[in-house]
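Hey, can you work out the whole structure from these sequences and the hints?
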Amino acid sequence: MLRPVSAILGACALLAAGAAAAQDFPARPVQVVVPYAAGGGTDLSARIMADVFQKHLKGPPMVIRNQPGGGGAIGTSAALHARPDGYTLGMGAQGPLALLPHYGGTDYKLDDVQFIALMGRNLQLVVACAKAPFSDFKAFMAYAKANPKGIQVGNSGAGGANHIAMEAFGRVAEVSFENVPFGGASEAMTACVGGHVHAMVATPAEALPHAKSGAIKPLFIMEEKRIDTFPDTPTAIEGGVKFTWSSWKGVIGPKGMPADVVAKLQEALKATFTDEEFVRRMQDLGEFVDYRDGAAYEELARNDSQTAEAIIRDLGMYQMNK
Amino acid sequence: MDILQHLSAVLSLEVMWFIALGTLGGLVIGALPGLTATMGVALLIPLTFGMAPVAGLNMLIGIYIGGIYGGCISAILLRTPGTPSSAATVLDGYPLAQKGEAGKALGMATIASFVGGLFAAIVLATLAPQLASIALKFGAPEYFALALFGLTIIASLSGDLLKGAIAGLLGVLISTVGADPISGVSRYTFGLPGFAAGLSFTPALIGLFALSEVFVQLEKIVGDKIVTLKVSGRWPNRAEMRESVPALLRGSLIGTVIGIVPGVGSGTASWIAYNEARRASKTPEKFGTGHVPGVAATESANNAVCAAALIPLLALGIPGDVVTAVLMGGLMIQGLAPGPMLFESRPDIIVGIFGGTFLATVFMFIFGMLGIGLFSRILLIPKRLLTMSIVTFCFIGAFSINLNPVDLYTMVAFGVLGYVMQKFGFSQAALCIAMILGPMAEANLRRGLLQTRDNVLEFVSGPITITFLVLTVLSLLWPLLRDLKARRRMAEQPN
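Those sequence lines, one after another, are chains A and B.
Under the UniProt record's numbering, the final residue of the first sequence carries the number 322; numbering is consecutive throughout.
Under the UniProt record's numbering, the final residue of the second sequence carries the number 495; numbering is consecutive throughout.
Simulated from the structure, these hints should not be mistaken for laboratory data.
Computed from a predicted model, the values in this text were never measured in an experiment.
All clues stand as given, with none of them false.
Restricting the straight-line Cα-Cα distance to at most 25 Å, the calculated cross-link-like pairs of lysine to aspartate or glutamate (DMTMM-like) are:
#1 A:149 - B:454
#2 B:137 - A:178
#3 A:109 - B:180
#4 A:131 - B:458
#5 A:131 - B:454
Here it is as structure tokens:
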């Protein structure tokens, strides 16, 4: 008599166990690997995210783990090779995802990535450095046309996001630059403020204090539209060069996570990235929040990866580290 | 009147409490190998989100100042530089502790850190806007010339010139592992992604100095006799104090100037200060054997860098080292963009930071002085237990920086290398200096030549570049000149 009942109960228990993956999620802390050192822009953004995330997904707190090295490849690889249970995620940035695989030497591809949600973008502003022989977009272009490879443009590292951005811009605008790599954005900015290079690519937040003090002059922004921080700075498009570029970061995980866990994470991250407190704190940090869902995030990454591949092949850097 | 008003904000009990807490926390973090001042500041930034700017920022500055000081404790007692900036303190601090004079070494290190910190803080508060422009004068050729000058320290520090040169060249060679600074190509990584960014410096340093010493100690305690060190002498005596004054002043000045130049850092400053103190000393042969002025030079220099690095940060918005870069993040979070505008728009913040820097330096001195007796007792722990704990800390420290297992291999490999070097009389200091300055010299030489289109004459044309290149030549000739002078004096003396 009891048998059918217990069979039904057993079946229920099994069903419940299946659903438990998503229902109980997260049963333990969700870890987010930041592939850069503590204290940088991506790290601080992730920490703000972890803080606000708790409001939208009850449970144990989100934990940030810094795993820097290899331009972000090491931490990204760690996140993509983690057990696909939703408990290990990563900050997915443009450099490690869309650029590094083209140089070779990474043990992951774009196809290994489960895109969860885009957090924001780092807008690219081109500035004229101290003592530069130009101070607006028109003069910059005229000088570049008259002096091929005559403008020295500082960037934050060879083959990094803003190096590729400038190369890509040069191809569209049909001008060429001498790209001067530095060991990081702040080193490049120091050289720029000191007048040791002519121009550089920076984020609006990096450029703002120096633009305000008059040490450097904003030339143009690689966006569709002008931005609030620099309302008087034109876009490249306004100047007749159809070109946009920005770097970005979001939350990624390994392929093969349970669909319901992904859905739950996507929902909570959407709520987090559109949360007023999150947006305000990110703005204070000088970050540009731009939430997009997993599919749109993936499209952005694939587009940039394709553009970058063509440039990297052109530069002769394709698979150079293989 | 305004300044007093702004200062009173710093002197509130709450703010002072945070500064004291930060300094003490920094001291502990700095003393533990592998936990650096940078990590301390970065990890605690989120805590400052909700605080008033002056309280939050000054707590971070306290961690910074306490952290750089704390590094000397383990350097002196255990030959384990707690932070890379204390590596040079090992040279004289550790032999002093081994002689039973741990108190003397720690006492001088604390006084030196205080003097150096105070000196730079005074410069910060009085001359920040005027001096900040030095930071802008350094382009690629200037950095290259400075690095080259720094590398000449190897010649005077390593005793046997040939062995020193070999150690130095090995260090430069090791520093080329990782991404090429100009083209981005991976070099000597053997396809291991873990080496793509180069060998991690702190794990290498921990292996080179601490683990190698463990091996040396192991040999000594094989006989199972328990050696207990004496621990005595809280203060350096008057003669030693007097002898250390020139080293202190030189270290403070060198630390302040190097701190203002962005990206050079306290490691370089303390090596240069050590070398200059030795060069100027009447008894250079005593350096490296447990000589109090040696500790005075390095510790005054590395703590002077702390406050000095705030000069370009606050006045120009240019972070001078990794810690100040992280501090800049802390400022931005508070909605404050550092730079000349900050002096006009928020003088309360500027005065608050100046005040906080002084206070943190004072707290560091108090905690250090109170702690000396306690710290020194570490040496009373039976050697077998102590050695085992050091090994544990070596591993934890090397791993905790990047959570990268490759760093553990690096640490162990450098431990073996350091042991072999010690056995055969190669200078570990030379290797360490070359690993700090090699990359700086290489990247800037190549960047500069790229910018001048391989025009060497243009590259060496700047006044700062020429000055450092001349200093480089003089520094290399100095030992020869000194020998020559000594020989002439000998010849002049009547039989």
